[in-house]
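Undergrad: From first to last, the protein sequence lines are chains V and E. Convert by adding 3 to the 1-based position in the first sequence; the result is the number in the numbering used here. Convert by adding 710 to the 1-based position in the second sequence; the result is the number in the numbering used here.
FYI, nobody ran anything at the bench for these hints, they're computed from the structure. Computed from a predicted structure; not experimentally measured. Hints are all accurate, no fakes.
Simulated crosslink set (DSS-like; lysine-lysine; CA at most 30 Å straight-line): (1) E:K832 with V:K478; (2) E:K770 with V:K505; (3) E:K770 with V:K160; (4) V:K88 with E:K770; (5) E:K832 with E:K759; (6) V:K478 with V:K460.
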Amino acid sequence: MLDRPAVVEPIDDDKIPATFTGNRGLDQEEPLLFEIGRLDATGVDIEAPAPVVPRLGALERSAPIGLPGLTEPETMRHYVRLSRKNYSIDAGLYPLGSCTMKHNPRSNEKIARYEGFADVHPLQPQSTAQGALELMQTLADWLMTLTNMQAVALSPKAGAHGELCGMMAIKSAIAAKGEGATRNVVLIPQSAHGTNPATAALLGFSVRVVPAAPDGTVRAEAVRDALGPDVAAIMLTNPNTCGLFEREIVEIAEAVHAAGGYFYCDGANFNAIAGVLRPGDFGIDAMHINLHKTFSTPHGGGGPGAGPVVLSERLAAFAPVPFIRRDGESLQLIEDADGAESFGRLTAFHGQMGMFVRALAYMLAHGGDGLAQASKDAVLAANYVRASLRDVMTQPFGDRICMHEVLFDDAWLRGTGVTTLDFAKAMIDEGYHPMTIYFPLVAHGAMLIEPTESESKASLDLFIATLRDLALSAKAGDMTRFTQAPRLAPRRRVDETLAARKPVLRWTPCAAA
Amino acid sequence: MSDRRYSKDHEYVALDGNVATLGISDYAQSQLGDIVFIELPDVGRKVAKGKEIAVIESVKAASEVYSPVGGEVVEVNPQLGETPALVNEDPLGRGWLVKLRVSDPGECDSLMDEPAYSEFLKTL
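Next comes chain E alone, as it looks inside the complex (with noise of 0.2 Å):
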């Protein structure tokens, strides 16, 4: 498993070659509390940098899921339409969301590695 990084809105990647596994934190979905419902793109689809992706619905409040890096959607977590609640249950496994073919892999560099995100979450 490679690096996980995050960024300040709660998205990790965990980069693979140029494929990016993209989903939210642990911090993200106790927040949200229980997640019902999670719309994802289309495979092929183009996102830049900070666009939205997704948008994840729960008891509390629906919320835009961002791309901390730009790419195209080259596969969504087949899962997530019957139980959207492995993001609840596993946000970092099997609760992925979206698997991108990342343009610039150099996007990374600028996020959050664990320790840095740990620190970013007691300053919330």
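Here chain V stands alone, though its shape is the one from the complex (with noise of 0.2 Å):
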């Protein structure tokens, strides 16, 4: 049975009064903290600073700084209103998937917080951190056994860092070959990630774009008749942006390797596919994994990032330092690779400390078989939702089996007068986030849900009635539901173009202030 009301009111602004403070009950009005704060307030006593002979010159404030000062209540206040207002993780089921949040065990806090791990310092001797630095070691080793590559570099901070890290090392191997001036073009197939261009290109690389089959997937023979001897690398995600598993992977490995190239996978679908496929055995030379996607660390606003890559024998030796050895009993963390073919440092210290603790927790308290069917269960809840929608919203490449994220177009709404703008800021009025729209751009009008491993059938049941009520009542021509929406958030539609256009950059302070 379905969590519904058996009722529901409908609403009617006209009938209800204006409130006299503009909160809506416990739905309060927030203002900026420089509206609320006072000059003459403050949380703290700090004494009067004893003076000083200004050095300044011309260039010495002459006029208040301005800064609100407030209570430690009214501070605090502010902070938890406007955190009310945020849609959480911990609030509700999130469609965007594990790009933006998916739920972070509470196992992995607990830990995260324990003396040792989270009071370390990068700086302090090494013969101190032992257990840091085996903590490091041993995620270094799921890592590698998981997708079984060779070598792994933890620093990179992110997912996109991350590909700047194992795209630096394929630039030094090609470098170390002396082909550095010749083989200057990274393929990029079209339904990639925004992020693997900018890599390529900041690293001086141009771009050939892949074109995409009928089918959504990248074809080896449109591979092979984009390669050449100009071909550093080709930059292929899987399962890619449209949910789908890219099934000639090994057969395209194989082309760019004849062709003398490198295979960068970007690894961020990596949690459609942990525990039950290992990358290596694609073929591929370097992949980084978002630990906040697929190990659960916190993110969205709720933590680091942290993109570990992982290296195939190849590229191993191009890793950048810091890199742990074992020496004897002891872990030694090296920080400079002398006379070694290490492209240099990508970071001050050796990475997200925090993250390798709570990733390494999830992957404890799983083990493999979890993690496998913490995937496995990511694609179910996927496929389930699309197996449940598809009669009322339409697929781009038609009714297949996805992986862990499924995409829908607009093609259902021609003719409606609604858009995937529409209906996605209809969802805010039903209580959900929207998902991914517009992206991956290969799909008309895309509407890309990722329901993730951990909502429960139920959950998931509710999600799919208010979206199959949604695309029923767009089908109808109940267009107010949808060009009016936002209705019931805290503020209605943005007007995105006027904002783009005339854009206000800077509060200035009201005149009566």
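Take the two lone chains and join them into the complex the hints point to.
TA: Written out as structure tokens, the structure reads:
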């Protein structure tokens, strides 16, 4: 049974007198700190500093700086109220999926708060941080085992940073072969993440686009046609951004290698196959792993990213410093790779320790079989949504099994006057954060739904029922539900065009203030 | 007004002597949605056939505009800086992007005329 109210009260704003405060019950209007702050208030006692002789000359500030002063409760209430306006994974299903947030198990958090992990400092003597190094080495071993790859760089701080790391290793390998001047093209499929061409361009490569086949995947034939002596690498996501598995990936890897290029696999969607398939078996050379996507570390404003990169034998020597070396009983963080081929250093220290702890905690809690189960559950959940909505919504590449996310297009909305954007906004009124829309670009009016492995069947059923109601309502011509949406959010539809054409980038005090 | 010729990437050129007025089709502007910013080339820049000549940013996406013919930029639409919406309102008229002195007017022959482009749109 669905947990839905039997009777839904109609919303009729005209019959409700406006409140005196502008608040709607406990849903409170929140002014800016600058509007509630006063110069004479403060949450802390600080002694007046001793007089100084100014040396700034004409640059010395002559008027008050105007920073808002608030008491401690006022400050706390401001941020708590703001946080309550946020939609969060702890408040409801989040169909943007692991790209933005997914469930962060509380046991991860508990372990990350252990003193030995929480208080470790990157500059303390290595002999006093052997436990932390052991944890990093264990994490690295897990990542290499799960991917069947030979080396790992833990330091990249996000997925895109990991891409950069992997592509820098490839660039170094090409330069070491004396082909730096001639191999300057990177092949990128139409459905790629936008970060792929950006990474290639940042490293001075030019991009050659590989077209997608009508079924939304990349054909080895199309890659072969694009290959040449000028190609440094291909960057391919598997499963791809349409939520489809690239079935010719092994053949693609062979073709790229035969042409003297390298294979960068964008590991953003590793969470669909972790524990089930090993990307090293595809024949890839480098792949980043978003610890937040696949191994449940917090993100989406909840925490820093971490994007370790696994490397093949061919690229292992070019891995960045620092890396860990076992020296008898002890572990050493190698900061300086003198004389080696390492491409150098990406970050000041070794990476995001707090994320390493959480990711390893997740791995150990699940075990290899549990990680495989999570991947399978993610795929099952996406296909449950797909199978439940395929009769009212349309799929751009035919009715076929998807991986961890299901892609719909807007063909089913044609003629209704409702757009993908309107549909997404109407979801807000129903209490759901919208899914990814208008990406990937290869699908017209794309709606990409990733329920993740953590939603119960009951939760998915309620979500599906809501989307079905909305879809039928759009087809029935109930326009106000869509073009006026969101009607019930703290703010109504934003005029994105005006905001982009005439942006207001700075708050200015009201005259009365 | 001379013939307007279209590319498969939805740019058009209208040739007058050896100067071509370049813009995007009505279909292209409707697909892009509200246009908020247009990056135009400098006058005097030489551009080869099929190469990027401008970037159009809409609320939905940033898209490159490729020149269907090679030539040298002789004029850019001065109004688009302030009112990029002209491309939405009148893509074939006041919303033109660039005027090019074309190096080979024959390049226009390989482009689609109005009826052929309409047919092409039906296949999308």
